[in-house]
Amino acid sequence: MSRPTPRYVQPISFEDAHERRREGRFIEEWVNRIIPTYRVGPLQEEGLRASAAEGGAKGMADWRALPSDQRTDENRNAFVARAIVDAAAAFVRKLHGREKGKRAQALAAATFDPDDHTSIEARFQGFCANANHHLYAGILHDTLGLESPEDLYIKREQQQLDEDKVEYALSRLEDPAERELAHLYLIEEWSFRDAAAAVGIHDRSKARRFRDRVFKKLRQYTVLFASSVAPRRESPRRESPRRESPRDGGDPT
Amino acid sequence: MGDDDSASVRIPDELREATDEDLLREKREREVIRDIEERLRAGKITVAEADEELVALALARFEHFSEATQAALKARSQALLQANPEIVESRASIAEAYGADSGNDESVR
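Chains as they are written, first to last, in the working numbering: chain B, 1 to 253; chain C, 1 to 109.
By construction, these hints were calculated from the structure, which means they are not laboratory data. These numbers come from a predicted model, not from an experiment. All C-beta atoms in this analysis are idealised placements derived from N, C-alpha and C, irrespective of residue type, glycine included. Do not rely on the hints blindly, as some may be mistaken.
Between beta-carbon pairs, the in silico distance windows are [said to hold, decoys possible]:
#, chain 1, residue 1, chain 2, residue 2, range
1, B, 175, C, 83, 20 to 30 Å
2, C, 64, B, 189, 26 to 36 Å
3, B, 66, C, 25, 44 to 54 Å
4, C, 97, B, 54, 47 to 57 Å
Dumping the calculated DSBU-like pairs for lysine-lysine here, alpha-carbon to alpha-carbon at most 30 Å [unchecked claim]:
#, chain 1, residue 1, chain 2, residue 2
5, C, 27, C, 74
6, C, 74, C, 44
7, B, 216, B, 206
8, B, 217, C, 74
9, B, 94, C, 74
10, B, 217, B, 206
11, B, 94, B, 58
12, C, 27, C, 44
13, C, 27, B, 94
14, C, 74, B, 216
Can you make the complete structure from the sequences, with help from the hints?
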């Protein structure tokens with residue numbers, strides 16, 4: 001009795017099989033190199049390793065999808081390493097209940113928007129979000145006693161993100177006076193009165209209106225930054241090849 | 001055939017509501033918030049005082065952290081209540097909505 005050949009029984013090219021095995025070893029080398037920097041507990045290590053390997057395989061598939069002139073060794077290193085780092089970071093975030101969206105929420109709550117807190121219930125939610133932000137978004141970087149390796153990792157990651165966030169939000173302010181006020185008041189920590197005077201505003205109510213306008217823009221840019229950065233870290237889209245790997249760019253082989 | 005969903009067990013809503021810690025906490029929080037609103041409307045507390053109670057309620061969500069962490073969070077939150085201009089200024093609109101006193105120290109501003 002004849003039976004149809006199952007779809008998965010296809011001829012296998014000897015060269016292809018050999019290549020896949022080499023790719024597997026290449027990914028494994030990168031995983032071995034990157035994983036120790038995350039230092040999760042022994043119970044989580046296997047999960048972390050599996051996620052990282054899966055990320056590495058995706059990175060390799062992305063590299064293979066490049067035009068032939070861009071499929072260089074340098075790009076292969078960069079794609080695989082970046083994908084492993086992304087997958088490992090996502091795994092650690094998940095461990096802490098900080099999956100996609102929570103970061104955006106925390107950043108959005110970084111400043112208290114009075115327009116959104118017009119009831120006691122909403123005000124309470126605002127305070128919760130603020131406390132959450134204080135805890136996780138790096139404002140208390142050195143004083144909260146978060147000491148486990150995973151927490152240290154989150155703090156380090158968030159410090160970098162905070163810097164990016166502030167830099168981005170300030171850079172989007174087009175009016176030089178707005179940028180000056182934001183810089184003096186928020187970064188240099190001048191008093192509000194002095195910062196307003198430095199940009200030539202001496203009237204108190206005018207200065208407050210000006211500040212509210214600046215804050216509103218900063219909030220919008222902060223949220224914009226958060227929402228643009230979170231999904232990109234979850235599923236990186238690479239339109240152009242990266243030149244360097246995230247760690248040291250070396251070939252592990 | 002269809003998806004195998006035999007592993008999923010549906011928990012009755014009543015049981016879930018009675019045992020889910022998050023739901024119980026939210027229920028407790030709603031009660032406290034309602035109480036704060038009532039006292040605010042009755043003029044027994046100011047918006048500034050309500051803010052302090054709301055912050056204390058919010059910080060209760062972080063009770064499982066170390067004492068040092070909680071103390072740091074509390075200090076930050078207290079500073080926020082007094083110094084954040086948006087929180088202080090928005091008390092006026094809350095006071096208007098609830099017919100209460102804002103509790104802001106206008107002489108300081």
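Against the structure, test the hints numbered earlier, and report the numbers of the ones violated in rising order. none
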